[in-house]
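Trainee: Counting from 18, one number per residue, gives the positions in the sequence shown under this note's numbering.
There may be inaccurate statements among the hints.
Claimed, not checked - Simulated pairs of lysine to aspartate or glutamate, EDC-like, Cα-Cα distance not exceeding 16 Å:
#1 K399 with D374
#2 K128 with D81
#3 K251 with D348
#4 K208 with E195
Simulated from the structure, these hints should not be mistaken for lab results.
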Amino acid sequence: MHNVLINILKKEVKEMLRDPKILIGMIIVPFLVMVLMSGIMNFVMSSVKEYALNPKVLILDYDDSLLSKVIIDSLNSQPGSRITLLHDVSIENAIQKALELGFPIIMVIPKGFGYNVSMGIRGTIEIYTIMSTLSLAESSASSIPSSIIEFLKSEIVYNRIKTLIPNVDPNVLLNPIEKVDYSIVKGDIVKVPPQIISSIVMSQSIFIPIIIMVIFISAMQFASTSIALEKEYKTLETLLTLPVSRFTILLAKLICSVILAILGSASFMIAYTYYFHSITTSFSIPTINLSLSDIGLSITPLGLALIVLTLFLSMVSSLVLALLVATFAEDVRSAQTLVGYLYFVMIIPMFVSIYTDLSMLPLPLQMVLYIIPYTYTLASPKAAMLENYGFLVIGIIYMTVFSIIILYVASKFFRSEKVLTAKISIRRFKR
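The whole structure should be built from the sequences, with the hints applied where relevant.
Mentor: This is how it looks when you write it as structure tokens:
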């Protein structure tokens, strides 16, 4: 049986990789799409950054005071800035002038601004942003003028406090109370704000379910395509007439689907990692130099073993389900359509595991989700972090029973002649 299984497996892998629908549509195209999206986002974010860091500001200065000159000089000192200064012009004419010059920002300094600030009266500066294309670049164009105003505000307050109360540190007066955040994780006190821990766990809660979903969906696509190609090209009858156990054929198709799913998922995840890195670099998103082990949330070897076992059982059941559903299809397209209905069963627990915890949901909704086997799979990483091994064991028992039932149904179905005659027409549903 060992040699027979290997020979059938080689035949399955070769057939799948030779088919353009598999090699191009499920492995090469997703990789190229993610790389292309990364390039486009890099270009877009570079344009936005250049737009924001090289401000084009038309300043309408009605005040002509020392403070207004400080603001104008600060903007002029910015590298790459282009400033146009107007005085006795109406706001309507200033807008028209800005449109002619292609300046997205108009800053209006009203008369009496400098005097009001010097007398302790609140001054007002108006910033108009011309949204001609409603783009992200236009909305970010006012970032440097706004940051300069914020800096001047803090400096004015700081110097005024220092003048009025020379014996007091202005920083202490502005921030008289210092808050120190601690979090209690699994009974241990960690000097880390809960928001930081939440963001770290959230990043894992998003990334891991995405990986699991990509692997599962890829495997199910390969499994359904494998059986659908056999039916479409009328080679399934020939394969089933060979002096080989039909369970061996089923097992070979399952292993082939897993191999190709790993290949396709690796291709996607490499491209996704490159895309994610490009986005964070373009946005200059600060990274948190803190790992799960630093806050006591590392996964133990036992937890990792339970996660792997849960993933294995989920993979087996999902592949067998995909093969079963695909046997009712007429061709590859209808097979992928039928299998696509199974994705919703996975997507629901995926979103739940990303945005909330199952224990926070109403009991009836929890019961519905616990009936779905993939809920345990998607919730297993977080359960392993919290060392909630009871949940993992219950999930494994449930997944084992579910997988045995699905395998039994599939083996019985493959031993019968229904595997050749079963058919559901997608056109009937479309009508």
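Trainee: Against the structure, test the hints numbered earlier, and report the numbers of the ones violated in rising order.
Mentor: none
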